[in-house]
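Make a model of the complete structure from these sequences and hints.
Chains as they are written, first to last, in our numbering: chain A, 1 to 580; chain B, 1 to 158.
It should be emphasised that the hints constitute simulated quantities derived from the structure, not laboratory data. These numbers come from a predicted model, not from an experiment. Warning: the hint list may mix true and false statements.
DMTMM-like cross-link-like pairs, simulated, lysine to aspartate or glutamate; straight-line CA separation at most 20 Å [stated by the list, open to error]:
hint, chain 1, residue 1, chain 2, residue 2
1, A, 330, B, 41
2, A, 330, B, 59
3, B, 73, A, 324
4, B, 73, A, 199
5, B, 56, A, 324
6, B, 67, A, 324
7, A, 330, B, 76
8, A, 333, B, 54
9, B, 67, A, 199
10, B, 63, A, 324
11, B, 63, A, 302
12, A, 333, B, 59
Every beta carbon over 10 Å from chain B, so not counted as near; a handful from chain A, in silico [unchecked claim]:
hint, residue
13, 196
14, 239
15, 520
In silico contact screen, one side only, chain A against chain B (beta carbon under 8 Å); selected entries [claimed, not checked]:
hint, residue
16, 198
17, 201
18, 202
Each residue gets a CB set at the ideal place from its N, CA and C atoms; glycine is no exception.
Listed here are the chains, written in short residue letters.
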Amino acid sequence: MSIEEREVLSKEEVRAKLLQPDVISGSEILLRCLLLEEVECIFGYPGGAVLNIYDAMYGFANINHILTRHEQGAIHAADGYARASGKVGVCIATSGPGATNLVTGIATAFMDSVPLVVITGNVATNFIGTDAFQEADITGITMPITKHNYLVRNVEDLPRVIKEAFYIASTGRKGPVLIDIPKDVSANKIPFHHVDKVDIRGYNPTVMPNKLQVNKLIQAIEQAESPVILAGGGVVYADAQEELLEFVEKTQIPITTTLLGLSGFSSAHPLWMGMPGMHGTYTANMALQNCDLLIGIGARFDDRVTMKLSAFAPKAKIAHIDVDPAEIGKNVKTAIPCVGDVKTVLAVANQTAKKAKSEAWIKHIDQLKAEKPLRYIKSDSELKPQYVIEMLSDTTNGEAFVTTDVGQHQMWVAQYYKFKNPRSMITSGGLGTMGFGFPSAIGAQMAHKGRLVISVNGDGGMQMCAQELAICAIHNIPVKIVVINNQVLGMVRQWQEIIYDNRYSHIDLSGSPDFVKLAEAYGVKGLRATTNEEAQQAWQEALATDGPVLIDFQVRKDENVFPMVTAGSAIDEMIMGDSE
Amino acid sequence: MIKHTISVLVNDQPGVLQRVSGLFGRRGYNIESITVGPSEEMGLSRMVIVTLGDHKTVEQVSKQLYKLIDVIKVVDLSAGAMVARELALIKVNAEPVKRPEILGVIETFRASVVDISPTAMIVQVVGNSDKIDAMVQLLEPYGIRELTRTGVSAMTRG
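And the structure:
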């Protein structure tokens with residue numbers, strides 16, 4: 001289909017053209033199927049085993065392919081796109097090293113239940129198993145980190161496999177699905193027959209909850225005097241924020257949101273207590289430890305939330321709403337299991353939900369919030385990282401899409417950026433992947449072209465995928481790239497200070513490149529700030545700039561994230577640090 | 001820790017054994033034995049896995065198995081009455097003078113001799129694992145040259 005045709009034809013006509021039973025190669029089948037799945041953009045990197053696919057892309061005007069500078073950049077971008085849009089992210093890489101470069105990104109998406117379809121080329125079927133050039137057993141390698149994967153040995157299977165892959169990735173507990181396509185399969189030609197129905201016998205995600213369990217939950221709420229809701233990424237992924245808000249308001253239960261759940265509930269709501277866990281708020285952690293009913297919603301009771309599991313929420317009866325039955329009872333003993341799609345379960349619960357006896361409890365929580373808010377020691381002489389994040393939050397009214405990398409800055413974003421909109425917090429929570437923050441912002445921006453996307457990184461993680469600055473410049477992707485530059489691997493430094501007795505081992509990042517010059521070398525505007533005033537000026541300039549901007553915020557080196565719960569402690573055993 | 005016998009109905013696809021055994025490996029579940037073969041339905045295989053674990057572990061095993069797309073059904077056979085059988089081949093030293101004595105042992109176990117050579121014989125024994133353990137123990141004094149066991153195959157009664 002030529003560019004001219006694309007402009008003239010209606011959506012239905014394009015679809016009809018794509019569905020024509022022409023004799024076409026596996027590569028064109030792949031591209032047509034992607035378009036039929038309404039894929040808007042693909043992030044990828046070519047190579048020997050995907051040459052057929054890239055050849056088919058040549059002149060295929062409908063495919064919007066972004067050439068990243070590293071496969072890791074491609075998959076994190078696809079991940080950011082998926083998290084920001086709720087659609088399936090798609091990336092493509094060649095066999096061997098191309099495929100193995102995706103592994104970190106696949107594991108990142110798997111841990112955080114992000115829907116991706118990952119396409120890899122492989123050597124031709126008759127070479128598989130011979131240690132051929134650029135051969136890697138990528139289906140074997142990714143078995144533990146994909147929701148499912150396919151090695152397509154016959155081109156006839158391709159339409160079905162692609163249909164199933166999108167279905168599996170985007171339903172139930174979402175996750176990455178990999179399709180490995182040998183070079184002969186992408187070359188072989190057959191008459192195209194689109195598959196538009198899936199029939200997978202071993203895969204039937206539960207959507208509707210068991211009514212009895214929901215009734216038990218409603219009863220437990222009515223009797224509860226100190227209930228708490230722990231909401232996680234599952235709320236965001238199920239697009240259940242409205243149902244959650246209704247549930248919270250009907251039941252009058254204070255709520256804490258996990259790192260991945262942060263944008264699933266407005267931080268402006270009076271019943272919100274902030275994030276719980278290792279760097280959680282005093283209020284959220286104390287509430288969890290003293291509640292009589294704990295309702296987990298799309299959260300998996302991760303060790304960074306529960307900390308010492310045997311001491312977690314000791315007085316609580318636990319109810320758990322989750323789409324994945326394997327999460328129920330995995331870490332905490334659960335009295336009321338509600339398996340189902342979070343949005344559906346909450347909608348059912350909202351029909352009969354009544355108020356908890358929580359007036360006194362809410363008063364107590366408001367008191368905790370007032371007594372021990374998140375705070376840091378402000379400074380006029382030094383630029384503090386928390387100040388920068390607060391500034392980002394205030395100037396954008398908490399309404400930007402924010403991606404983060406991993407470490408101290410990630411926790412400060414979680415603490416000080418006051419998220420209001422669903423899907424606006426994009427971070428690698430489960431795997432904690434450095435290098436995720438910047439490329440994921442490119443994906444988020446591709447999903448929301450007119451919106452403000454801020455990528456917050458440390459000076460460590462920024463150097464793990466900095467090469468993608470090229471993409472921002474070339475395609476004028478207007479991400480505002482924030483580098484919280486403290487010249488050190490801050491979170492490692494914090495642990496070495498507090499737990500390893502000031503033995504600072506291999507954390508010094510001084511001598512890193514000049515980030516402003518680095519940005520400029522790629523054709524991206526670079527700005528620097530070393531004081532509060534400069535920070536405000538540089539940020540205003542960045543906001544006023546149409547294209548991508550990198551701002552190097554040179555911040556105080558020794559700042560720590562507080563509160564902090566050290567490994568092995570219960571979540572109410574917090575080191576309050578500066579916030580004391 | 002209790003021994004559980006789990007029956008897993010799976011798609012007969014390349015890599016399915018790797019998916020199942022890999023799941024046990026990475027989640028730290030133990031596999032005492034695993035058998036795989038065709039089932040009553042074309043395109044489906046049945047695995048019988050013997051695993052050690054408390055009730056909670058086995059429940060997790062089952063839930064995690066169900067998350068594999070190629071897994072159709074998981075049944076904890078040991079939760080009810082089941083028939084469980086294993087087959088062993090035991091190559092035991094058997095000089096002609098010792099043979100009558102060994103044959104006596106074998107007969108008691110309703111085992112059979114499936115091969116015989118001048119100095120050894122192969123004994124085939126079928127039964128539950130305890131019976132095979134006992135058979136092996138009784139043949140040990142004669143000198144076992146080689147031993148192979150199939151692992152447990154099982155189904156529910158009734």
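Now for the hints, and whether the structure bears them out:
1. Of the supplied pair hints, the one linking residue 330/A and residue 41/B is violated, its CA atoms being roughly 33 Å apart against a limit of 20 Å.
2. About 9 Å separates the Cα atoms of residue 330/A and residue 59/B, which keeps this hinted pair within 20 Å; it holds.
3. A C-alpha spacing of about 17 Å is found between residue 73/B and residue 324/A, which places the hinted pair at or below 20 Å, so the restraint holds.
4. Straight-line distance between C-alpha atoms of residue 73/B and residue 199/A comes to about 16 Å, which keeps the hinted pair within the 20 Å bound.
5. With a CA separation close to 16 Å, the supplied pair residue 56/B and residue 324/A stays within the 20 Å bound.
6. Under the criterion of a C-alpha separation no larger than 20 Å, the hint pairing residue 67/B with residue 324/A is consistent with the structure, at around 9 Å.
7. For the hint pairing residue 330/A with residue 76/B, the CA-to-CA distance comes to about 18 Å; that is within 20 Å, so the pair holds.
8. Straight-line distance between C-alpha atoms of residue 333/A and residue 54/B comes to about 15 Å, which keeps the hinted pair within the 20 Å bound.
9. For the suggested pair residue 67/B and residue 199/A, the alpha carbons sit about 16 Å apart, so the restraint of at most 20 Å is met.
10. Between residue 63/B and residue 324/A the CA atoms are separated by roughly 9 Å; this keeps the pair inside 20 Å, and the hint holds.
11. In summary, the hint linking residue 63/B to residue 302/A is supported, as the alpha carbons are separated by about 18 Å, within the 20 Å threshold.
12. A threshold of 20 Å between alpha carbons decides the hint, and for residue 333/A with residue 59/B the separation of about 13 Å falls inside it, so the pair holds.
13. Residue 196/A, annotated as away from the interface, keeps every beta carbon of chain B farther than 10 Å; the closest lies near 19 Å.
14. The Cβ of residue 239/A sits about 22 Å from the closest Cβ of chain B, beyond the 10 Å cut-off, so the non-interface label holds.
15. Annotated as non-interface, residue 520/A keeps its C-beta farther than 10 Å from every C-beta of chain B; the closest such distance is 45 Å.
16. Taking 8 Å as the C-beta cut-off, the interface hint given for residue 198/A is violated, the closest approach to chain B being about 11 Å.
17. Interface restraint check for residue 201/A: the shortest CB-CB distance to chain B comes to about 6 Å, inside 8 Å, so the restraint holds.
18. Interface hint status for residue 202/A: upheld, as the beta-carbon distance to the closest one in chain B is roughly 5 Å, under 8 Å.
Violated hints, listed in ascending order, are 1 and 16; each of the other numbered hints is respected by the structure.
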